[in-house]
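Peer 1: Listed below, chain by chain, are the residues.
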Amino acid sequence: MKEQDLLEEIGKVSEDLIAAHALPDAEAYADEKKEYIVMQQKKSEYIKNPILRRLPAIAAIAAVLVAGVIIVPKLLPKSGFVTPGASMEQEVAPEDQMPDLVGMDFEEAKNTYGDKFAILLLSSEYNTSYPAGQIFWQDIPAGDSILERETVNVKVSLGDKKVMLQDVRGWQFELAKQSILAAGLYVDKRSAYDDEVPEGNVIATDPEGPCELKPGDYVRVTVSRGSVPDSIRVPEFVGMDIRGAEQVANTIGLKLNEVAVSPEEWEGGSVGAVVEQNVESSEEVAYGTEITVKYISDGTEDSAASDEAVLVQIPVDVPANAYGRFSFTMYNLFDLGEDPAAIASSATFEAGEGLPPFEGGTAAGRHFTPERPENGEVMLEFSSESNLDVGIMLCNIETGEKAQIGAFDYISATGIRPDTLVLDSEKAFREAGLLKE
Amino acid sequence: MKGGVTVNDEKLIGLFEARSERGIEEADRAYGGLCRSVAMHILSDRLDAEECVNDALLHAWNAIPPAKPRRFSAFLAAITRNLALNRYAADHAQRRGGGQMPLVLDELAECISAKENTEHVLDRMALHDTLESFLKALPPKHCTVFMRRYFSMIPVAEIAAELGMRESTVKSILRRTREKLRERLEKEDLL
Chain A
1 MKEQDLLEEI GKVSEDLIAA HALPDAEAYA DEKKEYIVMQ QKKSEYIKNP
51 ILRRLPAIAA IAAVLVAGVI IVPKLLPKSG FVTPGASMEQ EVAPEDQMPD
101 LVGMDFEEAK NTYGDKFAIL LLSSEYNTSY PAGQIFWQDI PAGDSILERE
151 TVNVKVSLGD KKVMLQDVRG WQFELAKQSI LAAGLYVDKR SAYDDEVPEG
201 NVIATDPEGP CELKPGDYVR VTVSRGSVPD SIRVPEFVGM DIRGAEQVAN
251 TIGLKLNEVA VSPEEWEGGS VGAVVEQNVE SSEEVAYGTE ITVKYISDGT
301 EDSAASDEAV LVQIPVDVPA NAYGRFSFTM YNLFDLGEDP AAIASSATFE
351 AGEGLPPFEG GTAAGRHFTP ERPENGEVML EFSSESNLDV GIMLCNIETG
401 EKAQIGAFDY ISATGIRPDT LVLDSEKAFR EAGLLKE
Chain B
1 MKGGVTVNDE KLIGLFEARS ERGIEEADRA YGGLCRSVAM HILSDRLDAE
51 ECVNDALLHA WNAIPPAKPR RFSAFLAAIT RNLALNRYAA DHAQRRGGGQ
101 MPLVLDELAE CISAKENTEH VLDRMALHDT LESFLKALPP KHCTVFMRRY
151 FSMIPVAEIA AELGMRESTV KSILRRTREK LRERLEKEDL L
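Read top to bottom, the protein sequences are chains A and B.
Following this note's numbering from start to finish, the first sequence increments by one per residue and tops out at 437.
Following this note's numbering from start to finish, the second sequence increments by one per residue and tops out at 191.
Among the clues, some could well be false.
Not everything, but these chain B residues come out facing chain A in the computed CB check (under 8 Å) [as the list claims (entries may be wrong)]: (1) Leu58; (2) Trp61; (3) Pro102; (4) Leu103; (5) Arg124; (6) Met125; (7) Glu132; (8) Arg148.
Source of the hints: derived by calculation from the structure; they are not laboratory data.
In this text, a Cβ means the ideal position worked out from N, Cα and C, and glycines have one as well.
All chains should be built: construct the whole structure from the sequences, respecting the hints.
Peer 2: Given below as structure tokens:
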């Protein structure tokens with residue numbers, strides 16, 4: 001769009017708007033044509049009359065003589081100097097300017113300026129830069145003119161939000177997970193053998209509870225797999241990507257000794273693939289045994305890349321009383337900004353009956369129809385060339401509200417790492433205002 | 001009555017529908033000055049402005065009937081404005097010359113994204129709807145200032161004098177309203 005387009009469209013608004021706001025009183029202009037005609041007549045007379053033509057020059061000479069005697073001293077400022085570049089516009093007195101309220105206590109601001117203009121609390125939000133009770137944003141900039149009965153909207157800080165991580169050691173993992181999620185934190189589940197902690201219970205958390213964390217912080221929860229087994233069955237590493245083999249070995253309690261071989265030494269295999277292991281699969285070995293594996297390396301692959309990223313599908317339950325339109329975005333959990341950048345986005349879905357016609361979406365997608373969940377769930381798909389800790393965000397299309405709905409640990413070569421997918425649909429749909437209670 | 005404004009809109013339309021040329025005279029007497037003012041702010045030339053108003057009256061004569069404007073002043077002013085803008089565009093390849101047009105275009109440029117999106121097609125209907133709802137939602141005084149400036153092209157000083165405001169106040173209102181309009185246009189993906 002160009003500004004000429006906007007100018008043109010302003011001219012096409014309704015007659016009511018034009019009549020009510022655009023046009024001054026027509027009566028004030030009713031004599032304009034008459035004045036124009038009179039001016040033309042006077043101009044005509046002026047041209048014809050030689051005395052009249054000379055009058056301006058005579059008058060100008062007289063004016064200069066008079067000004068030199070009387071007027072000029074009055075024009076000069078007391079200092080005798082004329083300030084160059086002085087503005088002819090009326091200056092706004094300081095008392096009529098919007099003050100800078102940012103950093104002021106909200107109550108103090110109301111007490112100080114309440115008689116000049118209204119200060120309206122738009123929202124209270126957690127803010128790491130301003131202590132609780134202080135204004136951190138105002139919609140009318142400081143220095144702007146204050147209009148009659150002006151209202152300035154402000155946002156007030158709730159301070160730096162902290163949440164408490166409980167000590168969940170020894171808890172059953174599901175209960176521990178609910179407690180952590182309820183606090184607004186995220187769970188990264190790991191597992192390990194432990195002779196003392198029963199299988200399925202929490203061995204430890206990182207960080208250790210009880211402690212204060214920021215909402216959205218990551219809590220690594222190590223869950224017991226029970227006592228160390230007497231023996232471990234060696235899996236078939238041959239054919240796996242080396243990074244996937246590392247993950248598997250780590251999970252089951254084996255160590256890998258990795259030996260790189262060049263593609264020329266080992267024809268027929270793809271870069272990154274394990275091609276040999278020194279202990280046959282299905283053999284029983286002791287916990288912690290080191291297995292030597294050979295894998296093809298051309299020296300360019302790294303642990304963060306995969307030639308073929310695995311596409312994963314994540315079924316998300318949609319509560320039976322869900323109502324409204326929503327979508328999902330996925331983002332890097334280590335992007336802890338207030339509004340993390342989405343690395344993947346889903347289609348728009350809608351649930352519930354009797355919704356008004358859909359008018360949202362982008363200009364390009366203005367007329368598409370949102371999808372409906374099938375069998376009470378929607379299927380999300382994700383893939384990436386990088387190994388990521390991924391967060392899933394639920395977004396309310398109508399209101400813009402967002403809520404964390406889940407997270408998972410993604411390995412490009414193998415997909416979602418086992419037991420890392422965490423989803424809490426009920427809580428997320430409620431937080432995003434998408435439940436019909 | 002002052003200025004000879006004696007015929008209301010209904011009677012004006014009646015005269016037009018009856019194909020009475022007195023309708024044109026009365027319309028010129030009632031709203032010609034106002035329309036000349038709008039045209040002058042765009043074209044800065046009295047003769048050109050006069051021609052625009054005459055053309056606008058002719059357009060109105062040809063449009064009514066079947067058109068039946070509810071607000072004759074708005075109807076005539078809008079026609080005059082568009083004719084003046086077209087004439088300005090034809091006469092000026094670039095923003096040259098005096099008058100309010102170069103200033104107004106510079107001001108409205110703030111509402112337009114700086115990004116050059118060659119793939120984007122201007123959805124005029126959506127823009128119209130958005131503008132209409134945006135203007136109706138403004139505080140009345142702000143809408144008046146905005147429309148005086150960007151519909152009627154009235155200079156800031158004149159708006160301030162007419163409405164009893166300081167010039168700085170008028171400029172503040174215009175700036176804030178342009179910012180809000182830009183946000184709205186971005187939200188509606190019209191930029």
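Peer 1: Against each hint, give a clear statement of whether it holds in the structure.
Peer 2: Consistency of the hints with the structure:
Hint on Leu58 (chain B) is violated. Least Cβ distance to chain A is approximately 17 Å, over the 8 Å limit. Contact between Trp61 (chain B) and chain A, as hinted, is not supported at the beta carbon level, the nearest pair being about 18 Å apart and thus beyond 8 Å. With its C-beta approaching chain A no nearer than about 11 Å, Pro102 (chain B) sits outside the 8 Å limit, and its interface hint is violated. Residue-level restraint check for Leu103 (chain B) is violated (minimum Cβ-Cβ distance to chain A is 11 Å; threshold 8 Å).
Taken as an interface hint, Arg124 (chain B) checks out: its beta carbon lies about 7 Å from the nearest beta carbon of chain A, inside 8 Å. Interface restraint check for Met125 (chain B): the shortest CB-CB distance to chain A comes to about 10 Å, outside 8 Å, so the restraint is violated. Checking Glu132 (chain B) against chain A by beta carbon gives a least distance of about 5 Å; that is within 8 Å, so the hint holds. Below 8 Å, beta-carbon pairs count as interface contacts, and Arg148 (chain B) has one with chain A at about 6 Å; its hint therefore holds.
In summary, the numbered hints that this structure violates are 1, 2, 3, 4 and 6.
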